[in-house]
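> Chains W and V, in that order, give the protein sequences.
When we follow our numbering, the leftmost residue of the first sequence carries the number 1173, and every step to the right adds one.
When we follow our numbering, the leftmost residue of the second sequence carries the number 13, and every step to the right adds one.
No lab work stands behind these hints: they were computed from the structure.
Mixed in with the good hints there might be a few duds.
No more than 27 Å apart at the CA atoms, straight line, and that leaves these computed lysine-lysine pairs for DSSO-like [to be verified]:
| # | chain 1 | residue 1 | chain 2 | residue 2 |
| --- | --- | --- | --- | --- |
| 1 | W | 1613 | W | 1403 |
| 2 | W | 1356 | V | 66 |
| 3 | V | 243 | W | 1608 |
| 4 | W | 1416 | W | 1555 |
| 5 | W | 1555 | V | 25 |
| 6 | W | 1501 | V | 74 |
| 7 | V | 74 | W | 1613 |
| 8 | W | 1309 | W | 1180 |
| 9 | W | 1347 | W | 1175 |
| 10 | V | 202 | W | 1274 |
| 11 | W | 1613 | W | 1389 |
| 12 | W | 1501 | V | 66 |
| 13 | W | 1450 | V | 25 |
| 14 | W | 1350 | V | 202 |
Estimated spans, in silico, between C-beta atoms of each pair [said to hold, decoys possible]:
| # | chain 1 | residue 1 | chain 2 | residue 2 | range |
| --- | --- | --- | --- | --- | --- |
| 15 | V | 302 | W | 1317 | 56 to 62 Å |
| 16 | V | 210 | W | 1648 | 54 to 60 Å |
| 17 | V | 302 | W | 1452 | 21 to 27 Å |
| 18 | V | 195 | W | 1344 | 48 to 54 Å |
Think of the CB as a built atom: it goes at the ideal place given N, C-alpha and C, for glycine as much as any other residue.
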Amino acid sequence: MSKEKLAKYVYYPFRAISVLLLVVLFFPALNVARISGLINRSISLLTTGFSYGNLISNFGRAFKKGWVMESTLRLLNVSSLIICLGIIACAVGACLSLGNRKCKFLGNLTNVVGSLVSTFAMAGVWSAYQQMAATTKPSKIEPMFPGFFFVMLGMLVLMVLISVFEIYLVGKPAKDEKFEMETKFRLFLMFLPFILLTFVFSYLPLWGWRYAFFDYKAGDTLSMENFVGFKWFQQLIRNRSTTKDILNVMKNTLAMSGLGIATSWVPMAFAIFLSEIKNDRFRRVVQTFTTIPNFISWVLVFAIAFCIFSTDGFISSFMMNLGIWTEGKNFLMDGSHTWIKMLLWGLWKGLGWSAIIYIAGIAGIDQQLYEAAIVDGAGRFQKMWHVTVPGLMPTFYVLLLMAVAGILSNGMDQYLVFENSSNTAQIMVLDLYVYKMGIVKGAIPLSTVVGMLKSVISVTLLYGANTISKVIRGETIV
Amino acid sequence: MSKNKHNKKIKLKFGDVVFNIINYSVFAAFTLVCIFPFYYLFINTISDNELVRKGLINFVPKGIHFENYIRLLQVNDLFGSFAVTLARTVLGTFLMVLASAFVGYLVTQQEMWGRSFWYRFLVITMYFNAGIIPWYLNMAMLGLTNTFWAYIIPGIVAPYNIILVKTYIESAIPSELEESAALDGASHMKIFMSIILPLSKPILATITIFGAVGHWNSFQDSLILMQSAPKLYTLQHRLYIYLNTTSNLAALMSAGSTSGISKSVMDSALNGKVIKYTIAMVTIIPILLVYPFMQRYFEKGIMIGAVKG
Chain W
1173 MSKEKLAKYV
1183 YYPFRAISVL
1193 LLVVLFFPAL
1203 NVARISGLIN
1213 RSISLLTTGF
1223 SYGNLISNFG
1233 RAFKKGWVME
1243 STLRLLNVSS
1253 LIICLGIIAC
1263 AVGACLSLGN
1273 RKCKFLGNLT
1283 NVVGSLVSTF
1293 AMAGVWSAYQ
1303 QMAATTKPSK
1313 IEPMFPGFFF
1323 VMLGMLVLMV
1333 LISVFEIYLV
1343 GKPAKDEKFE
1353 METKFRLFLM
1363 FLPFILLTFV
1373 FSYLPLWGWR
1383 YAFFDYKAGD
1393 TLSMENFVGF
1403 KWFQQLIRNR
1413 STTKDILNVM
1423 KNTLAMSGLG
1433 IATSWVPMAF
1443 AIFLSEIKND
1453 RFRRVVQTFT
1463 TIPNFISWVL
1473 VFAIAFCIFS
1483 TDGFISSFMM
1493 NLGIWTEGKN
1503 FLMDGSHTWI
1513 KMLLWGLWKG
1523 LGWSAIIYIA
1533 GIAGIDQQLY
1543 EAAIVDGAGR
1553 FQKMWHVTVP
1563 GLMPTFYVLL
1573 LMAVAGILSN
1583 GMDQYLVFEN
1593 SSNTAQIMVL
1603 DLYVYKMGIV
1613 KGAIPLSTVV
1623 GMLKSVISVT
1633 LLYGANTISK
1643 VIRGETIV
Chain V
13 MSKNKHNKKI
23 KLKFGDVVFN
33 IINYSVFAAF
43 TLVCIFPFYY
53 LFINTISDNE
63 LVRKGLINFV
73 PKGIHFENYI
83 RLLQVNDLFG
93 SFAVTLARTV
103 LGTFLMVLAS
113 AFVGYLVTQQ
123 EMWGRSFWYR
133 FLVITMYFNA
143 GIIPWYLNMA
153 MLGLTNTFWA
163 YIIPGIVAPY
173 NIILVKTYIE
183 SAIPSELEES
193 AALDGASHMK
203 IFMSIILPLS
213 KPILATITIF
223 GAVGHWNSFQ
233 DSLILMQSAP
243 KLYTLQHRLY
253 IYLNTTSNLA
263 ALMSAGSTSG
273 ISKSVMDSAL
283 NGKVIKYTIA
293 MVTIIPILLV
303 YPFMQRYFEK
313 GIMIGAVKG
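Isolated chain V, as found in the complex:
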């Protein structure tokens, strides 16, 4: 292998060199464009607030401190939104994965009464929807608007993930395993728990990650369904509101803050821009934290997804 590389190096022609320079530069530039904003956002949340306000922090953080992150605790309603988002991410993802695994397994069972019909009944919902207004009216009719359950229950059945699990079970788990277990008298439930669940871990990890990111990023359902329940706004919705608030920090912070810091001190120490940046950063950080784990799985996920169900 290394010998091969060596040979190539000798044969490099002028045209190849030019090509490589351009190619590497273009990719380097695009990568920079993708990553620099995150870096810029971050250094502006940890640098001296006065310098940030003057716009002097461009590439290098100065006067590093983490008080902005601590002061976020005083921002109105932010903590509640964080808790709601975390709760829906954990509970919603858990139920979705469990349901996808179970249904994905069930639809591989040829004996089921009306299997192909019910499977199509499920899958076809990926390709049409009634529209956002009928969806909203339906949720209102079911009494789910302004309740936490509106975040959880509609997401339990996820047809695309069901297809992923089904495809995985069919391709990666030998049917002999199931058959021999069935011969030994294992029930479907038992087979699901002791064979299917453990063996389909890789695909379940994939859909867990996608599901969790989806819940964490969810914005539209909060915007439309929680109109009279601001306590249930998701973090993204909250951030959207803050970003569109033109007033300064004072408007964002709880007026009757008992922390002992007077308002004028807080105003000078922080400004609206920094607080917005910091909230954005707090919303991004969890994603960046799980990202390394995600990377292992998402390529697998996208490839299985490419094989149609």
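Chain W with its partners taken away, still in its complex shape:
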């Protein structure tokens, strides 16, 4: 095998390890610098390196009493920082390995330096551990040796070996060689930062699904001791009060989504009738003003509701000024017809906006169809029903299918702001329930289970809707 080919293959494990190590930096469970029970469980190696304040947040007393030297933690902090920087350097080197010989050469140098520096910094962590273990108060400091230390050390040493080997394999570039990389890799590397961001913020949260299988309270660690398997899943069915809650929440969720779907033709009707208005200025004004509510948040919608419907809001004061009522009524605290009220608020906020897509659709309908309809003697409503509506149907289908797929996702803002003691039983939808249970009450595993089931069902529904669309219309929606 030629040197070049061998070099190419040897790069694969190198890149894999550098990606792995990069990911490790983010995981608190794999933090090799957590050498004492006093170090916060939920900080990662990255945080240990970059935030000294976070690292020592629990050490105030230990420093004062002299159980631990501050220099020990400084050493730990600096070592972690160096490990992080070394690993980042290796990642950069791995990127450079996609280029020509000159890029590779530079990359190899970076790799050697990065991996060596990280490996030596591991010694810093080791020495910090030795100092920590020598404390006079082991019961308070809880020195511990992270088992992952040797795995990480092994990976780093392997990286040193590979990068040295690569230097030998790739060799020095010619003097006049320029930095070059194939276009496909250059484009990929420009894209890479955004792939990483997507991974960290959209895929990494899936790792949180493991909480569904543990007995966990904020601040605990996950270990095999508190692994409970499917306990929380079973609780949904077996625990009476939980089951009752869930059934009620599902009823509200489906009712409100159902009402939304049942009225999903309204924006289309809005657009059709609006297009019957021949006065351009009037139409423009209607469109402008009915779209505004879409751009204010639900909190502001609630502020609007507050100023119109509360005890001293518009309706009450108006009726009192007319002498019809003797005292104000607070409609917001009234728990009746909650579903309908929420639907109406949704329509108030979204109708004008949702109609825009249909208005544009109407503009795109072939005028000849209307002329032909007139020749056939069609009246106003017949033209609407036989020409306009069929022309808008494809758009309607897509939106309808999307609405069906999102039947469990009502969002929580609207219901959170309108919720109060008198309507809470009717307004509690799935998203709000998960928030209340997980964030407010701290029942993290159970709310994770509910959220997890919701995600899975939603994706399945979307997939189903997409398949239906493919079969019926020969076109996918996503």
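Start from chain W and add chain V according to the hints.
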């Protein structure tokens, strides 16, 4: 055209007249319902506070003054929330638009290694999420909770906006332009800066507006991620808290106010209701101000969005 209209007018039948009357009335009524609350809110913030307290301002403002707006400066923490919200709106929108433009351009480049895979990797995130609790735990794990960056960094990659830009570039910018520039030796960066960015201004304006409104209206991330950093609450979160405060003005205003106005004077001059209205108004005004500019763009945005990526 005008002749045509004239003809129609003559032919109007009784049924058409009835239809038009009903149709115009229904739309007029709905428009009124949409706009009146804003008007009502506004006149109640500028009218005489005593009249407002008695509920006498229904349709016409009386005793116009703007002191309520000036007094907002004394409301606890409001200014800080305003600054935080403004900062996240400007910085967050700027980074999101820049990233969307760049990524939208990159994914049109067929030569990219694994292009369709990575594009799908990005777009698919629109259709699933792990759920709010894992999301929160993830942000905590990354150390972003209770930091300003939690508002900015997760929003940089916005798949939907990336699709919008990609679709726009593919449909509105002739690929010959890029090709000839590439033949002249321009790098991808150079093509992006000097061809793609200037030519995709309309779509960038659209996503800027949507992004800015989204940041301005953001509430959930503040509510969940900033639990121990009240200084970083967004304006909407602040407003939500104020709306749910049942106590009177005194509770909202800083106790040790050095403005020289004694508390009892302030209490009589203002009441909780007015201050709540005024805060809501201040939160709405920026949206109403950019709205005329938005209108030009959002129809375009929604139509491009309808064409799937």
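> Against each hint, give a clear statement of whether it holds in the structure.
Cross-check of the supplied hints:
1. A threshold of 27 Å between alpha carbons decides the hint, and for residue 1613/W with residue 1403/W the separation of about 19 Å falls inside it, so the pair holds.
2. Proximity of residue 1356/W to residue 66/V is assessed by CA-CA distance (about 71 Å); at most 27 Å being required, the pair is judged violated.
3. Between residue 243/V and residue 1608/W, the direct Cα distance comes to roughly 23 Å. Compliance with the 27 Å bound is thereby established for this hinted pair.
4. Using a Cα cut-off of 27 Å, the hinted pair residue 1416/W and residue 1555/W is violated, with the two alpha carbons roughly 50 Å apart.
5. For the hint linking residue 1555/W to residue 25/V, the alpha-carbon distance of about 17 Å falls within 27 Å, and the restraint holds.
6. Between residue 1501/W and residue 74/V the CA atoms are separated by roughly 24 Å; this keeps the pair inside 27 Å, and the hint holds.
7. Straight-line distance between C-alpha atoms of residue 74/V and residue 1613/W comes to about 47 Å, which puts the hinted pair past the 27 Å bound.
8. Of the supplied pair hints, the one linking residue 1309/W and residue 1180/W is violated, its CA atoms being roughly 52 Å apart against a limit of 27 Å.
9. With a C-alpha separation of about 20 Å, the suggested pairing of residue 1347/W with residue 1175/W holds against the 27 Å cut-off.
10. Distance check on the hinted pair: residue 202/V and residue 1274/W sit about 23 Å apart at the alpha-carbon level, within 27 Å; holds.
11. Distance hint between residue 1613/W and residue 1389/W is fulfilled; the C-alpha atoms sit about 10 Å from each other, no more than 27 Å.
12. For the hint pairing residue 1501/W with residue 66/V, the CA-to-CA distance comes to about 15 Å; that is within 27 Å, so the pair holds.
13. Of the pairs offered as hints, the one joining residue 1450/W and residue 25/V holds, with about 15 Å between alpha carbons and a cut-off of 27 Å not exceeded.
14. The straight-line distance between the Cα atoms of residue 1350/W and residue 202/V is roughly 19 Å, inside the 27 Å bound, and the hint therefore holds.
15. Taking the beta carbon of each, residue 302/V and residue 1317/W are about 57 Å apart, inside 56 to 62 Å as hinted.
16. Restraint check, residue 210/V to residue 1648/W: a C-beta distance of roughly 34 Å breaks the suggested window 54 to 60 Å.
17. For the pair residue 302/V and residue 1452/W, the supplied restraint of 21 to 27 Å holds, since their beta-carbon distance comes to about 24 Å.
18. At about 33 Å, the beta-carbon gap between residue 195/V and residue 1344/W misses the expected band of 48 to 54 Å.
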